[in-house]
Amino acid sequence: MLSYILKRIGQSALVLIIVGLVAFSMFRFVGDPIDNMLGQERTMEDVERLRAQLGLDQPFPVQYFKFLSNAAQGNFGVSFRQGRPVADIIAERAPATLELAAVSAILAVGVGIALGVFTAIRRDGFMANFIMSASLIGVSLPTFLIGILLIYVFSVELGWLPSFGRGETVKIGWWTTGLLTESGLKALILPAITLGLYQMTLIMRLVRSEMLEVLRQDYIRFARARGVSERTINFRHALKNTMVPVITIIGLQLGAIIAFAIITETVFQWPGLGLLFINAIQFVDIPVMAAYLMMISLVFVLINLAVDILYAFIDPRLRVSA
Amino acid sequence: MNDTPISDSAAPSRVRRALDSDLFYAFRRSPVAVVSTVVALLLILSAVLAPLIAPTNPFDPASLNLMNGFTPPMEPNAFTADSFLMGTDDQGRDVFSTILYGMRISLFVGFAAVMFALVLGIVLGLLSGYMGGWVDTVIMRAADVQLTFPSILVAMLIFGIAKGITPVEYRDQMAIWVLILAIGLSDWVQFARVVRGATLVEKSKDYVAAAQLIGRRPFAIMIRHILPNVLSPVLVIATISLALAIIAEATLSFLGVGAPPTQPSLGTLIRIGQGFLFSGEWWILFFPACTLLALALSVNLLGDWLRDALNPRLK
Amino acid sequence: MFKFTTVLLLTTALAAPVMAKDFKFAATTDPQTMDPHAVNSAPVLGFLNNVYEGLVRRGKDMAIEPALATAWEPIGEGEGWRFTLRQDVTFHDGAEFNADDVVFSYKRASDESSDTRSWFAPVSDVVKVDDYTVDIMTNAPNPIFPDSIANWMMMDSGWAEANNAGLPDKEAGNYATLNTNGTGAFKVTAREPGLRTVLEPHGGWWGEVEHNITRAELTPIQNPATSLAALLSGDVDFINPVPIQDVARLKQNRDVSVIQGIEARVIMLGFDQQEGASEGGNGSSDLFLDPKVREAVAKAVNVPAILQTIMRGNAEVASQLVSPAMRGFSAANATPYAYDPEGAKALLEEAGVAGASFDLKCPNNRYLNDEAVCQAITGMLAQAGLSATLDAMPVQNYWPELRADNFDMYLLGWSPGTFDAEHPIRFLGSTPNEEKKLGSWNFGGYSNARIDELLPMIQSEIDDIKRQAMLDEAAKIMQDEVAYVPLYVQPLVWGARSNIELTQRPDNFFILRWVTVN
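Each protein sequence line maps, in turn, to chains A, B and C.
According to my numbering, the residues represented by the first sequence are 331 to 652, in order.
According to my numbering, the residues represented by the second sequence are -16 to 298, in order.
According to my numbering, the residues represented by the third sequence are 214 to 731, in order.
Be aware that a few hints might be false.
Unchecked claim - No more than 20 Å apart at the CA atoms, straight line, and that leaves these computed lysine to any residue pairs for SDA-like:
{"hint": "1", "chain 1": "A", "residue 1": "K337", "chain 2": "B", "residue 2": "L210"}
{"hint": "2", "chain 1": "B", "residue 1": "K186", "chain 2": "B", "residue 2": "W160"}
{"hint": "3", "chain 1": "C", "residue 1": "K558", "chain 2": "B", "residue 2": "S46"}
{"hint": "4", "chain 1": "C", "residue 1": "K237", "chain 2": "C", "residue 2": "A547"}
{"hint": "5", "chain 1": "C", "residue 1": "K234", "chain 2": "A", "residue 2": "K337"}
{"hint": "6", "chain 1": "C", "residue 1": "K237", "chain 2": "A", "residue 2": "K337"}
{"hint": "7", "chain 1": "C", "residue 1": "K320", "chain 2": "C", "residue 2": "E614"}
{"hint": "8", "chain 1": "C", "residue 1": "K237", "chain 2": "A", "residue 2": "I563"}
{"hint": "9", "chain 1": "C", "residue 1": "K464", "chain 2": "A", "residue 2": "K337"}
{"hint": "10", "chain 1": "C", "residue 1": "K383", "chain 2": "C", "residue 2": "E614"}
{"hint": "11", "chain 1": "C", "residue 1": "K273", "chain 2": "A", "residue 2": "G489"}
{"hint": "12", "chain 1": "C", "residue 1": "K383", "chain 2": "C", "residue 2": "T242"}
{"hint": "13", "chain 1": "C", "residue 1": "K464", "chain 2": "B", "residue 2": "S262"}
{"hint": "14", "chain 1": "C", "residue 1": "K237", "chain 2": "A", "residue 2": "E512"}
What the hints assert, rightly or not - Per label pair, the in silico range of CB-to-CB distance:
{"hint": "15", "chain 1": "C", "residue 1": "Q465", "chain 2": "A", "residue 2": "A432", "range": "37 to 43 Å"}
{"hint": "16", "chain 1": "B", "residue 1": "P56", "chain 2": "A", "residue 2": "A432", "range": "57 to 63 Å"}
{"hint": "17", "chain 1": "A", "residue 1": "P391", "chain 2": "B", "residue 2": "Q129", "range": "24 to 30 Å"}
{"hint": "18", "chain 1": "A", "residue 1": "F552", "chain 2": "B", "residue 2": "V31", "range": "52 to 58 Å"}
{"hint": "19", "chain 1": "C", "residue 1": "N466", "chain 2": "B", "residue 2": "D291", "range": "25 to 31 Å"}
{"hint": "20", "chain 1": "A", "residue 1": "P389", "chain 2": "C", "residue 2": "A403", "range": "56 to 62 Å"}
{"hint": "21", "chain 1": "A", "residue 1": "L336", "chain 2": "C", "residue 2": "D235", "range": "54 to 60 Å"}
{"hint": "22", "chain 1": "C", "residue 1": "R462", "chain 2": "B", "residue 2": "D291", "range": "55 to 61 Å"}
{"hint": "23", "chain 1": "B", "residue 1": "P55", "chain 2": "C", "residue 2": "I475", "range": "27 to 33 Å"}
To be verified - Listing some non-contacts, in silico: residues in chain B with all C-beta distances to chain C over 12 Å:
{"hint": "24", "residue": "V15"}
{"hint": "25", "residue": "V21"}
{"hint": "26", "residue": "L25"}
{"hint": "27", "residue": "I27"}
{"hint": "28", "residue": "P38"}
{"hint": "29", "residue": "P56"}
{"hint": "30", "residue": "L68"}
{"hint": "31", "residue": "M114"}
{"hint": "32", "residue": "W117"}
{"hint": "33", "residue": "L260"}
{"hint": "34", "residue": "G263"}
{"hint": "35", "residue": "D291"}
Everything labelled a hint here was simulated from the structure, so no lab data went into it.
Glycine included, each C-beta is placed from N, C-alpha and C at the ideal position.
When you get a sec, could you build the whole thing from the sequences and use the hints?
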């Protein structure tokens, strides 16, 4: 068990080092950083001085090691566009994305599981069929279209909810939260729905199919034959056994939510990491791109690692098969 | 090498049986499947035949008349008296033609990305299953990592890097290939996993050992066994991937990291149309959005149905 | 019934008058910097006009009026100008404003590292006479000098030096990139680049307060549709610009008002006219050395069609680098290039370049519908037999690209800061000359000896008739040689909630102290 976990941790670290290499190569080879930092009126001395200052005159492995150790300390250099340390910018933007992702995830998981159970139990009912068809439309509609539609209906036509931004935020230490003000909560509704809808349909369909599979099992038939109430069967036995694969998928989808936030944040001008990243791509702001990449991969690797370890505890067989 | 008669006769008949009888029977009995197939085929066909169907070629800047801009659907333009089925956009491009041509790009990117993912997935899956050992570990770990990175992020990164290293005049042509590469790269894992599983099963069979005993390399033989076995799951995955790829392409183009405005795909059209949502020119957004929805929905429905039909025990 | 009352209560609670006059506004581009000397562009200077002040400023009618100087007069026979400074002016941090700050601000704004350097081309020296008198010496008599420095903003020398911001840093930025300390009516209380910038009234401001704002917040919203939605839903009180396609519909909405005008900005096409200088062009970089080819472009572009469709009839065709509202507009040269696709084709045949291909660079977030205009131009050029590849990018990447000579043809908008026809000649017409600070935005390297000769004469001529004759000559030369292809005068379209009163200045500067929230 321990060796398995250690192995996984080692592999995760390796993945991070490889992602770091990608991020670093990006920083090093996409556009000359000197070019980006000095104006057109630079002199040769300026170039040499900055080159030495940034350590660009050293061999590649040395530079890479420096980059990694800097990154490990949260130092990603200075944004080309904003002229500020990237770490500061990311710290500033992270709360917005994390809050949005958390609310969307809760929405997706809660509603997704409820609808999944419902459609599994009322398999052939009209409502269940309707929900299933609607969910396919949900999967086929790109997130950005849903966002535009929601803005048009609820902000412009009905005027109920704000169309952009986070509303009023409250500062708690370095963290800014929109969860404590009325305008902040209102501003959260549309983006959270937009972001959560896709994951919600995924979870719902997964829960439904897992549940149907479980309901087909012998022990459920047995329970039914023994006269256990339908409610107990559905919720005590079936749902519980459905949860293991569902939790795994949810874990993986959490990462996806953070990444998909890019689209939602663009549509709603939500001041988070996604908007920062898409701007960085447009402006070829490499330090920001590299930092975002490192950060997101850290999140993903950690989630993956947690899921793997959880798995090992739940199901010892998995330790053997890779 | 010589033929191996046993495997040769077995494989095609199995394929034919699956396609001819069971599947087709189930297909005819499902109205959803029939309708979605007809819609999908119709859309694909009209995209392929766009140069024949479309009244104008929207990708040829010389053929545009700016004065036709913002013509509503089925109404003559105030200046030129030209009339368009679905109206025109801000550049005077016929929306109907642009959708047909845009769909070509969307579908081309979708199909090419799926093909790329398919080939990559099959090759890596075979390698991983057959070689085992560290090759397997490396490939499967890479797959795990790949799976955790959402396609959209991978695509944007590749796009960001490509933008930094390609000269301007190639950027437009390059955009399409970057899209294919990016979407395809993020989709190979599922194919690889299925193929790897099938390879592992085949590897333990007796004929492989026999082949090895008489000094033949069993790899070629195995491929003939494995591919028919994985045909149905691969088909299902490919269909669903196609829908996902089309949506991914639209999303990337919408974010401005995809097809350029001079050669718009459906996503680019929607991005352009969004600017006219409030000004009353609804058709610039509406028709491309409906086309995208119809395309993705029909392919999705088809994939959903295929999955149930090919493997009734699978959800 | 019960439900109905709660709804009513709720709405009245929401609609209750807000005592604090919070004003929220949105713009497409965030000011790149808070440093008034680092970037010479309208979004930056327009915003900072609320925070920093110059010796003089422009009023609602664009006329020059006293700001930090109360009076000014020429010295001797035009050796320079003497400015009498306002007393008891304090910066936001409480420091006193005096002549030392003027001398410091001159050095800072005219330094090589400053983007506003060319404003001081005519200046030879700035001398402190006493604490509240400054002499600005000019190389030659300069009658319009006070008109040309309305955007030259004063920074506190002590503050800048204490924070290591003695010189602007265009590239890496410094303390003044994020922090401000001006004398203006508003001070910046929070600055998060790309997110929001918060302003509050400066309690110790010297002027008479007309506005009733207690707090103002600027949010950059890149997506025009999102910003329009924000205005319609009341999330912001003011947006600039209103997407031009939405003007007609917005006018029918009672909750918002559209404020329209003609901006001083002329949109034009520029060309690479240096031999072999283009790095980013694709093989035909010397294409536009031939005036015939430039003329062909002028004939190929159907400006009225662009105005009719993309600009929805909200702009005017331009004939020269300034609009008719500017001082020194050349009425003698007021005929725009005529649309003549056949003539364009013939000229290209004659020049032997029919079918040539090149790059058209274009910003996609700087001017109204800039990318759509460029796209349309690409189509029109294709019809005349020139194959242009459109390369549109955000303005933040655009200027560096132009400065690096990575273009064959480009789109540029020019608004003369002095409201005088001399301004574009100095920046766009003169041969680029680093030392004399001339032609600093003449990216294409257009050069004509007579223009270079005329410029100093125009600058120092006091007689209006003689001056106009020279301006006419310059306009004619540039028109004949097709130095640039002027396209149209950009319209100004602002949108505000109907409870907002404001004044629109033709230079597209949004002045907060003229805003009343009712």
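Checked hints:
Of the supplied pair hints, the one linking A/K337 and B/L210 is violated, its CA atoms being roughly 33 Å apart against a limit of 20 Å. For the hint pairing B/K186 with B/W160, the CA-to-CA distance comes to about 36 Å; that exceeds 20 Å, so the pair is violated. With a CA separation close to 16 Å, the supplied pair C/K558 and B/S46 stays within the 20 Å bound. Taken as a hint, the C/K237 and C/A547 pair is broken in the structure, with Cα atoms around 41 Å apart against an allowance of 20 Å.
Taking the CA atoms of C/K234 and A/K337, the gap is near 61 Å; set against the 20 Å cutoff, the hint is violated. Between C/K237 and A/K337, the direct Cα distance comes to roughly 54 Å. Violation of the 20 Å bound is thereby established for this hinted pair. About 28 Å separates the Cα atoms of C/K320 and C/E614, which puts this hinted pair outside 20 Å; it is violated. Between C/K237 and A/I563 the alpha-carbon distance is near 56 Å, which puts this suggested pair outside the 20 Å criterion.
A threshold of 20 Å between alpha carbons decides the hint, and for C/K464 with A/K337 the separation of about 66 Å lies outside it, so the pair is violated. The straight-line distance between the Cα atoms of C/K383 and C/E614 is roughly 15 Å, inside the 20 Å bound, and the hint therefore holds. With a CA separation close to 35 Å, the supplied pair C/K273 and A/G489 exceeds the 20 Å bound. For the proposed pair C/K383 and C/T242, the alpha carbon gap of about 17 Å is at most 20 Å, so the pair holds.
For the proposed pair C/K464 and B/S262, the alpha carbon gap of about 11 Å is at most 20 Å, so the pair holds. For a cut-off of 20 Å, the pair hint linking C/K237 to A/E512 stands: about 17 Å separates their Cα positions. Between C/Q465 and A/A432 the Cβ separation comes to about 41 Å, which falls inside the hinted range of 37 to 43 Å. Here the CB-CB span from B/P56 to A/A432 is close to 43 Å, at odds with the stated 57 to 63 Å.
Restraint check, A/P391 to B/Q129: a C-beta distance of roughly 26 Å satisfies the suggested window 24 to 30 Å. Against the hinted window of 52 to 58 Å, the Cβ-Cβ separation of A/F552 and B/V31 comes to about 55 Å, which satisfies the hint. At roughly 50 Å, the beta carbons of C/N466 and B/D291 sit outside the given window of 25 to 31 Å. Taken as a hint, the range 56 to 62 Å is violated for the pair A/P389 and C/A403, whose Cβ atoms sit roughly 44 Å apart.
The beta-carbon spacing between A/L336 and C/D235, approximately 56 Å, falls within the hinted interval of 54 to 60 Å. The supplied range of 55 to 61 Å is broken by C/R462 and B/D291, whose beta-carbon atoms lie about 47 Å from each other. The hinted window of 27 to 33 Å between B/P55 and C/I475 holds, with their beta carbons roughly 29 Å apart. Every Cβ of chain C is farther than 12 Å from the Cβ of B/V15; the closest lies at roughly 35 Å, confirming the non-interface assignment.
No beta-carbon of chain C is positioned within 12 Å of the beta-carbon of B/V21; the least distance is around 35 Å. For B/L25, the requirement that its beta carbon stay farther than 12 Å from each beta carbon of chain C is met, with the minimum near 31 Å. Every beta carbon of chain C lies more than 12 Å from that of B/I27, the smallest distance being close to 28 Å; the non-interface claim holds. Annotated as non-interface, B/P38 keeps its C-beta farther than 12 Å from every C-beta of chain C; the closest such distance is 17 Å.
For B/P56, the non-interface assignment is confirmed: its Cβ lies about 17 Å from the closest Cβ of chain C, beyond the 12 Å cut-off. Separation of B/L68 from chain C is adequate, the least Cβ-Cβ distance of about 19 Å exceeding the 12 Å criterion. No Cβ of chain C approaches the Cβ of B/M114 within 12 Å, the least distance being about 46 Å, so the stated non-interface status holds. With a least CB separation of 44 Å from chain C, B/W117 remains clear of the 12 Å interface cut-off, as annotated.
A beta-carbon of chain C is positioned within 12 Å of the beta-carbon of B/L260; the least distance is around 6 Å. Not every CB of chain C is more than 12 Å from the CB of B/G263 (nearest about 6 Å), against its label as outside the interface. Listed as a non-interface residue, B/D291 keeps its Cβ farther than 12 Å from every Cβ of chain C; the least gap is roughly 40 Å.
Hints 1, 2, 4, 5, 6, 7, 8, 9, 11, 16, 19, 20, 22, 33, 34, counting from the list given before, are not met by this structure.
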